[in-house]
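Enquirer: If you want the building blocks of each chain, they are given just below.
Number of protein chains: 2
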Amino acid sequence: MGSLDSNFSVNSTEFKPLDPEEFRKQAHTMVDFIADYYKNIETYPVLSQAQPGYLRARLPETAPYRPETFETILQDVEKSIIPGITHWLSPKFFAFFPATVSTAAFLGEMLCTCFNSVGFNWLASPAATELEMVVMDWLAHMLKLPKSFMFQGTGGGVIQGTTSDSILCTLVAARNRTLENVGVDNIGKLVVYGSDQTHSTYTKACKLAGIYPRNIRSVPAGSDTCFAMSPVALRKVIDADLAAGLVPLYLCVTVGTTSTTAVDPLEDLADVANDYGVWVHVDAAYGGSACICPEFRHYLDGIELVDSLSLSPHKWLLSYLDCCCLWVKQPGLLVKALSTNPEYLRNKPSESDSVVDYKDWQVGTGRRFKALRLWLVLRSYGIANLQSHIRSDVRMAKMFEGFVKSDPRFELVVPRIFSLVCFRLNPHPGSYPGYLELLNKKLLEWVNSTGGLYMTHTVAGGLYMLRFAVGATLTEECHVVAAWKLIKEGADVLLRSKDAT
Amino acid sequence: MGSLDSNFSVNSTEFKPLDPEEFRKQAHTMVDFIADYYKNIETYPVLSQAQPGYLRARLPETAPYRPETFETILQDVEKSIIPGITHWLSPKFFAFFPATVSTAAFLGEMLCTCFNSVGFNWLASPAATELEMVVMDWLAHMLKLPKSFMFQGTGGGVIQGTTSDSILCTLVAARNRTLENVGVDNIGKLVVYGSDQTHSTYTKACKLAGIYPRNIRSVPAGSDTCFAMSPVALRKVIDADLAAGLVPLYLCVTVGTTSTTAVDPLEDLADVANDYGVWVHVDAAYGGSACICPEFRHYLDGIELVDSLSLSPHKWLLSYLDCCCLWVKQPGLLVKALSTNPEYLRNKPSESDSVVDYKDWQVGTGRRFKALRLWLVLRSYGIANLQSHIRSDVRMAKMFEGFVKSDPRFELVVPRIFSLVCFRLNPHPGSYPGYLELLNKKLLEWVNSTGGLYMTHTVAGGLYMLRFAVGATLTEECHVVAAWKLIKEGADVLLRSKDAT
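These protein sequence lines are chains A and B, in that order.
Letter by letter, the first sequence follows residues 1 to 501 of full-length UniProt numbering.
Letter by letter, the second sequence follows residues 1 to 501 of full-length UniProt numbering.
Only chain A is shown next, with the shape it has when bound in the complex (with noise of 0.2 Å):
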């Protein structure tokens, strides 16, 4: 570190971090380099083959003390970057759920990075705030939210970085209402509801928000439900802890479970909540995206008997990651529970209560331009073809569940509602438990040291499963088919081998 402190001159007065013409140069030669592996991306494993530790041994220990050249670091990005990448976006993806993505997001992100608008309050960026709140009611539209959610009407969207801050920030307003009710010595008391396939995030932001981790209830949801939450089964949950004298605070609701895509019923739980005055909120992060679509809006009946809702467009409406959704019906009790007036902040605007200041409806002070994004997928696209993008990565989806079925050593292991479609190799009925997640492990496994697609596993009523998520954006069928030839190889592989029998 003695750099620190040495006799290098830098002519301050030269050093332009932002000039214009330089940066116009750069951002075009950057643009080529990203156009170019998006044509490429098939060539690469999708699953990055690295070893712990392969990028610190290649990098120096210290950042250096002279300026490098741009063609030296993108030489870098090749050589030494993009060997650790496991590439989301290869069309050869098809783990977790996909990030999906587009050529009028990546435009609008550009433009919330050249703006660099710091939106916390109204007056520090009109545009920004504004332009959210209409892009949430136009997604409220298309979801044929009530009114209540909306701008136009007495609620309001807010976009948030993932699900767990929707999460989070509902939850505060949930118990700080109650709270209030209550006494605030009564936060022991409060129990907030989920069931066993509800997302780990919902039990973090629990615990994060102080409610105490033995009033964090898990409904158990197994295989009879189709690992969907039963009401009865919460009803009992809830009347169990009023007899305990505890305080029933808030419930989550899944539409599109992470492990296997399972759809709480919605009407029915907001029914058994609302008659203990419970917070409902619904987690869509990946299933509500669909319901754009006529034929899968059913899925959020009842949506108006609930607190609030978030979905993640990153997920299935093209945006890049991080933009998650969250709507709420009472703005009011999100603002009282997270607002913050220091004077360097204050404003006529915001005092006159005239704009809203998003910074009270979030956990941090500074938020980017974020609508921006939204707002050039849903116009460059239309609600048309976002519905056809929907609806074809749902056919892929049923494809390889077609492909599934006609292969006897297989079987669906969980009936598919989106576009994942949870199976398992089972190639001798009966067999015991532990064989087929031996056999299924090594048969993901193989797939996945192939490079020539990227699938992820889980359990659910402890059964192992494989998940085959589709839904990159630039996958095509033809990918579903190979992908599906490389899972039958494997199998093939396996058991022919005597490890696997």
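Quick caveat, the hints were computed from the structure, so don't treat them as lab data.
In this text the structure is predicted, and so the values were computed from the model without any measurement.
Please note: incorrect hints may appear among the correct ones.
Note that identical chains are pooled: a pair holds if it fits in a single copy or bridges any two copies.
To be verified - BS3-like cross-link-like pairs, simulated, lysine-lysine; straight-line CA separation at most 27 Å:
(1) K16 <-> K485
(2) K405 <-> K25
(3) K207 <-> K189
(4) K485 <-> K348
(5) K39 <-> K16
(6) K485 <-> K398
(7) K348 <-> K442
With chain A fixed as given, assemble chain B onto it according to the hints.
Expert: Structure of chain B alone, referenced to chain A:
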């Protein structure tokens, strides 16, 4: 919304949201649009002159059913978005703390978006995790942090979105550690400490984490200490809490407060806190960046005594939003508080404990490949240029300070430390405070309404003052000179008018 169900035919096989050649063409257009915006940025009024609701009135109530062209959308950006933008990157922006940017960071952000790697755990994109570990160690070296904060030592760093996230995560780690000793039912006894100059988001984070509002202490920090927290006062408050049977938990020390860039005496405060086993967090969001220069590093003296430190390169290290670096001495405590382990994310490297899974260091699960931005900044400019950039801002602030001192109608209100000058118009010493406040409010309104610069205000120690924050990336000496000229002109106008006297 009837259009949703209309019969307009869309051929889904033709919809390619990420065609590489279409991407190339449109992204090149966008690069030129942005380069031109940067070239012409001075022609826009800095502070948007839009009225509340201006944008909603211009845009349709619902998203279009059919696609619109990129050209149409870009025209709307010009026509409808830009008039509602407060131009944070304008060289005439002197409000809040400027959000600094650079070509290198823009390119890094483009790459981050390009890959759209979701780095929740190591395996999901090894390069994303490992590059973040490397750049966090690089920056730690630049700040001369002890090895106890580095991966090269026993600690480590992570890129969060905002300071709020950094505080929330460390606070919850501290909370859980203490609750393990005193029992979860004693959450109501936990007390947290800051000064009345600590950022408002600190109180918000404490409330989010379930700290009782009555247990959030704001130690008064007045003009006698230049708005820095007093270690003596802190000890008294802690002793009183202990005497009342409460449990001191967490202290937030600020290096560069938002109001006046006051620097809390880190070492002495940490000494006090350590006597009581209180977790010490240093919020150096703004001031920390200056500490890469040897002449400012002493503001971090005593850093080896604290538990965590956060600093936002988006404020002063040319990184664009959002980028907040958090270092912790005991990553294990963070992971213990924030880890999740759902089956569908299980993988061999994570289970072998040989890798970092950053989802366990933050609120959310998903995360972008943010390290690329910082990596490009550090390499493209080198430590030398980054130091000279800090010094150049400080030099311009000193110049403005000189202007203020040279005009007997004005006065400095707080000694300048970094690149913020707190001053006020005070033409008749001994004036009634209410008159001075009104006069300065009018001056602020006058200059901001010209569009020729944007400044903000604060109140500290009961004094209303104007904040002139130098640091927008494009600002050069000529802009500071012009700003001072405009401020003087405003004073002339006001002092000539009857209203003001």
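Enquirer: Next, verify each hint and record whether it holds.
Expert: We went through each hint and held it up to the structure:
no., hint, result
1, K16 <-> K485, "between (54 Å within a copy, 24 Å between copies)"
2, K405 <-> K25, "neither (53 Å within a copy, 43 Å between copies)"
3, K207 <-> K189, "both (14 Å within a copy, 17 Å between copies)"
4, K485 <-> K348, "between (64 Å within a copy, 26 Å between copies)"
5, K39 <-> K16, "between (33 Å within a copy, 13 Å between copies)"
6, K485 <-> K398, "within (16 Å within a copy, 69 Å between copies)"
7, K348 <-> K442, "between (64 Å within a copy, 13 Å between copies)"
This entry does not satisfy hint 2, going by the numbered hints stated previously; all others are met.
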